[in-house]
Amino acid sequence: MRTFAAALLGLVLFFVSSWVASWPLGLSGGVPEARAQARMSELPRRGGEGGGEVRRSRQSSAPPRSSKLEKKEDRVAGGTHWRVKTDLGSVHVWIPAGYKRETAGTVVYVHGYYTDSDGAWRDHDLARQFRASKQNALFIVPDAPSGNGEEVKWPALADLRKAVTRANIRIPDGPTIVMGHSGAFRTVMKWVDHKVVAQVILLDALYGGEQAFDAFIGSGKRAKQHKLIVVGADTAEESRSFIKRYPFAVVRDKMPGSAEGFAKREKRAKLLYIRSQFEHMAIVTSGKVIPQLLRLTPLRAVGAAEDDKAASSPAVAAPASASPAIAAPPSVTVPAPSP
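So that you can map any letter, position 29 of the sequence shown is 428 in the numbering used here, and since no number is skipped, the others follow by simple counting.
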């Protein structure tokens, strides 16, 4: 009898344990380690997207070419604004008063974590910052990951450009500038091989992707035509480590009060590193960084004559020597940026 009872108890325990093991994790009431891991997954990580390995998606993620995209038009900061609805989130597009497509370029701004394109557009007052730059450009703000758990929304820059075009907005033929904040590096690093990208501006964003950005500025087939600006606050250590690889890098201790405060050598630099006096979020919300840096690009000012930019902005000097082959720093977890 005692043997039968023990066997019966064992059978009951087996079925109960199998049933509990089949529960979804969310029904457990919360395992502390699991919750802690979920929180950690929201932090940008050094060496993200494969520790800096270049991984570009060739697969189109955009809707079929024939699909129509809904857009809403209004006036913001004296310019024309469209909010385009796509399956990959909203895309904001803005042009300033006095915009001339014939001489214009394009600026693609990619937001960081803990927000989306709607939130960044509104809370960071991007239209007014773009207006303050006085650049003749089509400004595009796509949706991007709000945390490490989200996939990159637009792994191919070509798909984003096609989406804007399908909204019946013409993209100008001038240079394209890509600007990204914080976790935006995950998106930007996938775009560096696109032939239209002339310059990349990383706003406290060098949490990873070093190999991709090295290809853009040092070792890639079009590297001689490219410029890179790196702004560091929370990523100051990573940024300094990166620029030490390049003898042609120019370093500045802090942002000047205006674009005129940059020295001629800094304006011409192929690789410019700025140690920001502004903290992580103030870099994109203060209005004292984005407008000034956009004036260090090959874009023309609104209302400028066609040859003005060429006269005022000398060509970028070729680097003195090729960048040495230096291994990327080891991957570790980045402390949480300010939300």
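Be aware that one or more of the hints could be misleading.
What the hints assert, rightly or not - The calculated lysine-lysine pairs, modelled on BS3-like cross-linking and capped at a C-alpha distance of 25 Å, are:
no., residue 1, residue 2
1, K533, K653
2, K561, K471
3, K623, K594
4, K561, K470
5, K470, K499
6, K653, K643
7, K470, K484
Stated by the list, open to error - Taking CB as the label site, the calculated pair distances span:
no., residue 1, residue 2, range
8, G656, K484, 36 to 42 Å
9, E469, S685, 19 to 25 Å
10, T479, G686, 19 to 25 Å
None of these hints come from the bench; they were simulated from the model. Because the structure is a prediction, the values reported are computed rather than measured. Ideal Cβ positions, reconstructed from N, Cα and C, are used throughout, including at glycine.
Checked hints:
Proposed proximity of K533 and K653 is supported: the alpha carbons are some 22 Å apart, at most 25 Å. With a C-alpha separation of about 18 Å, the suggested pair K561 and K471 falls inside the 25 Å cut-off, and the hint holds. This hinted pair checks out: K623 and K594 have alpha carbons roughly 13 Å apart, not beyond 25 Å. For the given pair, K561 sits about 14 Å from K470 by alpha-carbon distance, which is consistent with the 25 Å threshold.
Distance restraint check for K470 and K499: the Cα-Cα separation of roughly 21 Å lies within the 25 Å cut-off, and the hinted pair is therefore satisfied. Distance check on the hinted pair: K653 and K643 sit about 18 Å apart at the alpha-carbon level, within 25 Å; holds. This hinted pair checks out: K470 and K484 have alpha carbons roughly 6 Å apart, not beyond 25 Å. Distance hint for G656 and K484: a CB-CB separation of about 39 Å, consistent with the stated range 36 to 42 Å.
Separated by about 33 Å at the C-beta atoms, E469 and S685 break the suggested range of 19 to 25 Å. Taken as a hint, the range 19 to 25 Å holds for the pair T479 and G686, whose Cβ atoms sit roughly 21 Å apart.
The structure shown violates just one earlier hint, number 9.
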